[in-house]
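Chemist: Sequence:
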Amino acid sequence: MSQAIITTNKLSKTFSSGGMQQHVLKNLDLEIFAGDFTVIMGSSGAGKSTLMYALSGMDKPTLGSITYFDQEIAKLSNDKLAVFRRVNCGFVFQQMFLLDNMSILDNILAAGLLVSNDRKAITTRAKDLLTQVGLTETIWRKFPTQLSGGETQRAAIVRALINQPKVVFADEPTGALNSASGKAVLDVLTEFNDKGQSIIMVTHDLKSARRGNRILYMRDGVIQGVCNLGKYVSGDRERHDKLQAFLCEMGW
Numbered sequence: 001m002s003q004a005i006i007t008t009n010k011l012s013k014t015f016s017s018g019g020m021q022q023h024v025l026k027n028l029d030l031e032i033f034a035g036d037f038t039v040i041m042g043s044s045g046a047g048k049s050t051l052m053y054a055l056s057g058m059d060k061p062t063l064g065s066i067t068y069f070d071q072e073i074a075k076l077s078n079d080k081l082a083v084f085r086r087v088n089c090g091f092v093f094q095q096m097f098l099l100d101n102m103s104i105l106d107n108i109l110a111a112g113l114l115v116s117n118d119r120k121a122i123t124t125r126a127k128d129l130l131t132q133v134g135l136t137e138t139i140w141r142k143f144p145t146q147l148s149g150g151e152t153q154r155a156a157i158v159r160a161l162i163n164q165p166k167v168v169f170a171d172e173p174t175g176a177l178n179s180a181s182g183k184a185v186l187d188v189l190t191e192f193n194d195k196g197q198s199i200i201m202v203t204h205d206l207k208s209a210r211r212g213n214r215i216l217y218m219r220d221g222v223i224q225g226v227c228n229l230g231k232y233v234s235g236d237r238e239r240h241d242k243l244q245a246f247l248c249e250m251g252w
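When the sequence shown is numbered by UniProt numbering, its final residue is 252 and no position is left out of the sequence of numbers.
Errors might be hidden in some of the hints.
As the list claims (entries may be wrong) - Below, a list of computed lysine to aspartate or glutamate pairs in the DMTMM-like style, where the Cα atoms sit at most 20 Å apart:
hint, residue 1, residue 2
1, 10, 29
2, 127, 106
3, 120, 100
4, 166, 59
5, 242, 205
6, 10, 72
7, 207, 249
8, 166, 72
9, 207, 241
10, 10, 106
11, 26, 220
12, 60, 70
13, 207, 194
14, 60, 79
15, 60, 100
16, 183, 194
17, 26, 79
18, 242, 220
19, 75, 29
20, 231, 241
21, 207, 220
22, 231, 220
23, 60, 220
24, 26, 72
25, 231, 31
26, 75, 31
27, 207, 172
28, 142, 172
29, 142, 106
30, 75, 59
31, 127, 70
32, 166, 249
33, 207, 187
34, 166, 220
35, 80, 59
36, 60, 106
37, 10, 187
38, 183, 220
39, 127, 187
Keep in mind the hints are simulated off the structure, nothing from the lab.
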């Protein structure tokens, strides 16, 4: 069995609104394993994004612990959490958040140079990753506004990977893309997962969810069910049917 890289114990998150307590995460015990493509699904308000933000250190839980290997991060200061995220986590969002006044290559170098002062090594890695995701040299010096949505999202994936994170967190990464661009982005994520990159992705989309090998279904702040699909193989109808049956059972 793969090593657990993230472990939670009694993870809980509560928000206060209008004098009322809203329990978004409720005593979650969870393990995320190295090399997995973990997909988090569930209806709106189930706690999917809140769980992802807690696991990535972007938000602190109200109660409980989150451990990366032997490091407990839930009680780190905000400054130490920022350093932890920079080194250990990569992020891909529905909105790409690339800086419009910087070229694609410079956007990626800016992220890499926050962690390493070796500009030559970071530049070499950035160009290699850009090539791997199908972005040619003519695109590297363009600005985000000059690229298609799919190209910009692939560049955002490179930015997420530049510091060789232990985990890439993807929140609806195909949500703003057409089907062709969405497939290209999923192909890139799948390719890197095949090379051993651990990925946690939140999605509402069945086609996106099929890329995962482990599906967590959330309802009302708890994990209602888990579906293990194994490694993704294109055109695997049995995989599609198994996932669809699982989601129907969960009430999706």
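Chemist: Residue 166 and residue 220 were given as a pair; does the straight-line alpha-carbon distance stay at or below 20 Å?
Modeler: violated (29 Å)
Chemist: For residue 127 and residue 106, compute the direct alpha-carbon distance and say whether it is at most 20 Å.
Modeler: holds (11 Å)
Chemist: Are residue 127 and residue 187 close enough, with their CA atoms no more than 20 Å apart?
Modeler: Given pair residue 127, residue 187 holds - Cα atoms ~19 Å apart, limit 20 Å.
Chemist: Quick one, are residue 60 and residue 79 close enough, alpha carbons at most 20 Å?
Modeler: It holds: about 13 Å lies between the C-alpha atoms, which stays within 20 Å.
Chemist: For the pair supplied as a hint, residue 60 and residue 70, confirm whether the alpha-carbon distance does not exceed 20 Å.
Modeler: holds (18 Å)
Chemist: Straight-line Cα separation of residue 242 and residue 220 no greater than 20 Å?
Modeler: violated (23 Å)
Chemist: Would the hint linking residue 60 and residue 106 be met if the CA-CA limit is 20 Å?
Modeler: Given that 20 Å is the threshold and the Cα spacing comes to 31 Å, the pair is violated.
Chemist: Regarding the pair residue 207 and residue 194, is the alpha-carbon distance no greater than 20 Å?
Modeler: holds (18 Å)
Chemist: Regarding the pair residue 231 and residue 31, is the alpha-carbon distance no greater than 20 Å?
Modeler: Between residue 231 and residue 31 the Cα gap is close to 18 Å, so the pair holds against 20 Å.
Chemist: Quickly compare the C-alpha distance for residue 26 and residue 220 to 20 Å and report which way the hint goes.
Modeler: Satisfied, since the Cα-Cα distance of roughly 8 Å is no more than 20 Å.
Chemist: Please work out if residue 142 and residue 172 have their alpha carbons no farther apart than 20 Å.
Modeler: violated (25 Å)
Chemist: When you check the alpha-carbon spacing of residue 207 and residue 187, does it fall within 20 Å?
Modeler: holds (11 Å)
In summary, the numbered hints that this structure violates are 3, 10, 15, 17, 18, 21, 22, 28, 31, 32, 34, 36, 37 and 38.
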